[in-house]
Amino acid sequence: MPHRTIRARRTRLTLLSAGVTSLAVLATACGGNGGGTSAAPKDFTYLSVTENTTTRTALTTLSKGACTTENAALPLKVETVPQASLDQKLQLLAGQNALPAQFAAGNAPSLTKQLAKSGKVADLELELQRLGVLDQLEPAAVSTIKALYGGKLEALPYEYNIEGIFYNKKIFKENGIAVPGTWADLLAASEKLNAEGVQPLSASGQQGWPLTRLISGYLYRSLGPDALDKVDSGAAKLTDPPYVKAAEEIAALGQKGYFGKGVGSIDYDTAMNQFLTGKSAMFYMGSWALANISDPKQNKVGAENVGFMPFPAVTGGAGSADQYPSNVGLAITLGSKNFDKKTGAWVSCIARNYGSTALKDHGSISGFKVNTPVKDANEVTTTVRRTISSSQQNVLWFEALFSTKATTVSQTNAAGLVTGSVSPQQFMETVQGALAGR
Amino acid sequence: MHRVLGDRRAIAILLGPALLVYTLIMLVPTVWSLGYSFTQGNSIDGFTGNGLGNFSRLLSDQAVHDALWFTLKYAVVVTAGQVVAGYLLALLYVFFLKRASALIRTLVFFPVVLPTVAVGLLFQKLFQVAPQTGPVNSLLNAFGLESVDFFGSAGSAFWVLVVMDIWRSMGFYAVLLFAGLVDIPDEVLESARLDGASGLRLIRHIVLPLSLPVLMSSLIFSINGTLKVFDSVVALTNGGPGSDTTPLTLYMFQTSFTYSEYGYGSTIALLLTVVCLLVSLAVYRVSRRDITEG
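These protein sequences, in sequence, are chains A and B.
Taking the numbering used here, I'd label the letters of the first sequence as residues 1 to 438.
Taking the numbering used here, I'd label the letters of the second sequence as residues 1001 to 1294.
Check the hints yourself; a few may be wrong.
As the list claims (entries may be wrong) - From the structure, some residues in chain B lie toward chain A, with a derived Cβ separation under 8 Å:
{"no.": "1", "residue": "A1130"}
{"no.": "2", "residue": "D1149"}
{"no.": "3", "residue": "G1242"}
{"no.": "4", "residue": "S1243"}
{"no.": "5", "residue": "Y1259"}
Source of the hints: derived by calculation from the structure; they are not laboratory data.
Positions of the beta carbon are idealized from the N, C-alpha and C atoms, including for glycine.
Same shape as in the complex, but just chain B (with noise of 0.2 Å):
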């Protein structure tokens, strides 16, 4: 092995297709969007150089602004949700349900494996105020309150769309975090009971930090995913009410492709690519030091 390993040829025969094709399928795109920030134009009139213009807009630009804000305070909101609710779940399935957790396992992973424009189009059912009256309106109503229209203001239709995608994926996160705490070997939890640890202090002294690494992995997964949300916005409020829940990957696509702006779509591209970057440095180091001083 380590002669096969050590050959420059062996290296190349194995690494080569697959550095050739993410080469040409990530970073050539990566790098020709790199280009297109600087420039101005459409696929009509052409591209002409704009030099750092389209930065200097993008420093200005309130709907930029908004958008990052937006895209912040969802990502934050629901990989805490996502993390934390597939975390408890996990723990129930291992703690409390234990050998009977496939169904309620297969059942809560659902909604991972369905489209998400049916799932938008479930909750905007739900919580739909007109034509009909959507079933949380009509429990509203059965206890005395008003019909909300859940979508007509951007504060709820944010909590709904936090709720969908909580909903949506927690049972993915569920499943992930069950690998890594069934890995937890079961004379380390036995020797805690018998210290005395047993429910939340064995989870916060024994369970926690051993789950550690995988939990750290989930949170990157997560805040990634949902820093670069796309389809469950487009197919739950399409960024309305007005802008109001426009993430920054939304208001690129509108302004490459509705506006035909790809040059300063391309920079608001740019900007997300930024902000994924180093919002996974900082977990990764603050998970490193975690990990060291567990």
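Chain A extracted, bound-state conformation (with noise of 0.2 Å):
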């Protein structure tokens, strides 16, 4: 009997020794550490998109030039993670408090918001400022900034870019069609080249961003600059009248079969590809497109044959055609823990070089200041340049201001738009309804 007693004994010893094992395990894998580290960064991690190779090599090239003693005393690490990854896995360092020294600000501002105001995002503007810095940055850029990230300095502008339309000049000439400068003048030379057999535009529905780039066109052009912050703010919906017209006027564009077909299956390469190979007389796109424009393997129509024009103007509206969409690319941010005195180096060097590196090397516009004069590989570079320089109010694009889902919701239903699947009442309907968190 004793015996046994001490055997039960035993078992429930054991039993409960594997218990208080099995929680710890379980604590410990499930808890993670919660502080990251806290010493002082051992190198300058950059993590960002594996789409996105223009910034990472510039960095690169940087870190080997004119950054090298920056470089020696942190060295450069560059860190990928597919777009489609990248809000999750930022949730998940951010959890930890485990943000790199750089990393790719999230698909929607909002999410670099959310990790501003947690206080996991350096204030750039007083960090730039105390760096003596703060002047290499174009004030388009930083006004650009600004206006995404609720007047906060957010974000390095790696990337500046404007939007508006490329198009062949060659097709244009062939076809006698002048560069529209109103929306009905668009549509009639959509019109002609659509009956002459030309694809008047391409655009990916499979990104359906390109897409949805031609409502809020329409909508800056026809009610004004402040058309998309009205949404908002609140004081108007989408689905008020002015805002559903946008909607139908790119929904007749596809109606009309404008973006040739299986929009909804055409992705980004697939539509720059049908441009630059002249499969199609215009395509809406960012400045960032220059890099393919100015690429000979890519552009089999040439570099002289391609023209820039604003969205055009829409008559009797509010807004005009001078006012170009811009933004900052994937905007690249700086976490708060991480920036000591050699990340600000790093920070000082990149804010005095990147501009002319980015330029000269990869001819990717940037919003840093272009301290060592390069010259533009093509016409349509200096156009685009100078409308940059010269563009006196720019504007933002659809989604800017929406949360991730509204965003999301927004670009998968855009190619429904235009193939007619979805009418542009619902379009706006499902757009207001994510928007309003429904």
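These two chains come separately, so use the hints to put the complex back together.
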């Protein structure tokens, strides 16, 4: 009997130990360390998306050139994730307080605002001022970032883009078409091209945003530059008739077949390729496309045959054609935790040298000042650079002030809008519903 | 053996490690997820209690209703397709091809081992309309018909998805059911034939009742897999056009990881778990009754 009691006790003890051990393992596995590392960073980590190669290549060039000293003190380390997984990765790292020195801001500005609110993003205006390099940022780029991030400088402008319509000069000339100044001109030109068997526009319905950009383009021209601010503030709704009208105009382009066959299946590269091989006459895109246009391997129509025009004016509208949509590409922000002296040295070097390096080596226009004169690769690049420096007022894009959910809903339904499976009213109702959190 | 299995300590030693692993990787996350369904927030802002808010939102969320309807519709159609096609193939192997079935079995099984993403890309290319006209549309054109944008409308995208998933998995169900059919004693079949049963009558009155247990297992297996469909939808349509081919799993994934609404995402996951449980129980009850009757 005593022997059994001892054995029973031993069994209970074993079970108890096993239970405690398993709980400890569980707590270790699921709890995380909660704090990341609090020591000074060992490297200048740059976390970005796999799809964007320009910034990481330019930074690598700097690390071996103008920023060699800074790189020796704090080596550059590049990490990438697919763009679709970026938000998830940032949330995970932020939850563990382990955000790297530099990281691509989320797919919608709302995530960066959220990170900034919780103190995880450095106040760049303050830091750049302290480092004495705030003046190295183009004022237009600073104002675009502030418009995106609630009046704060939350990101570095590794890219600065304006958007408009690239057109094939040769096709326009062959068909006797002048550069459209108004929306009615654009419709007339498209009709003429379509009748001649030329696809008027190429766009990626798979991505969706190249189509919703057209909606915002029409909205800014018809209702003025504050059209989407009013939606953000609740003063207007996307379901209001003037907003639905914009969706109707873009849907009509699709109904008339101006985007070609199967626009919903066309991805970004295919749409770009259609334009650069002369299969379409016009292509709404940001100035980042200059890198593709300047590349003779991709551009079969020749850079000299590509022109750039603003989204045309809407007759009687409150906006004007010189208000260009602008953005800072995939914005890169800096974590507050790792912003020490060595990181500051890197940021200063980037601010002084990135503009020239990106333009010279990659044909990419950034929001940093170009301190070493660089000769433009072609006429269209000069046109775009002149437009950027002379633009007085910039606007944002359709989803710029939307939540992540509304952004996804808008972009995934855009193809349906132009193929006719979703009516303009339904489209705007769906996006407005996502905006309202329904 | 009786002494070993009668000893509690022996049972604990034998079952303990498996139970511990199961508890850690299955039960704990499930309970954890259940807990999240009463919260709102995310890993950046932190989590706060939300009572039954997520559940009331679930009831009124049109996107959840649409996703649930799509999930059920897809599960019923694909399960029926997988099991029926698998059963017909198994009958073909056993009664027609007999010993020569090995090559056909291997060929039909081949899509099962292909990665879902590869199969998704294959079907995208097969049914595409642009930038190049795919083989299916070329065939339509050859017959003088217009090309169809299969991924441009909800109806056609659904059927492409159904065809793809049946093609991808029918080989698996064929092998599973083949194993059940070869278990039917030859004597039973022979005596049925002597009694005059042949062809469809033999299958209806002898083969079907005797293979019912494995058929029901296939059904439960299939319905649970199809209710939780995720990878093939992401690879082929990514839930589109719009959200027309979005099942509950994809909506749950988007809600949790794209929109950072972990609490609401967990509530959707709970709904999916309940649906799987109810459907499995229903199939199980029906199968038990049938076997008793048979």
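Hint-by-hint comparison with the structure:
no. : hint  : result
1   : A1130 : holds (3 Å)
2   : D1149 : holds (5 Å)
3   : G1242 : holds (4 Å)
4   : S1243 : holds (7 Å)
5   : Y1259 : holds (4 Å)
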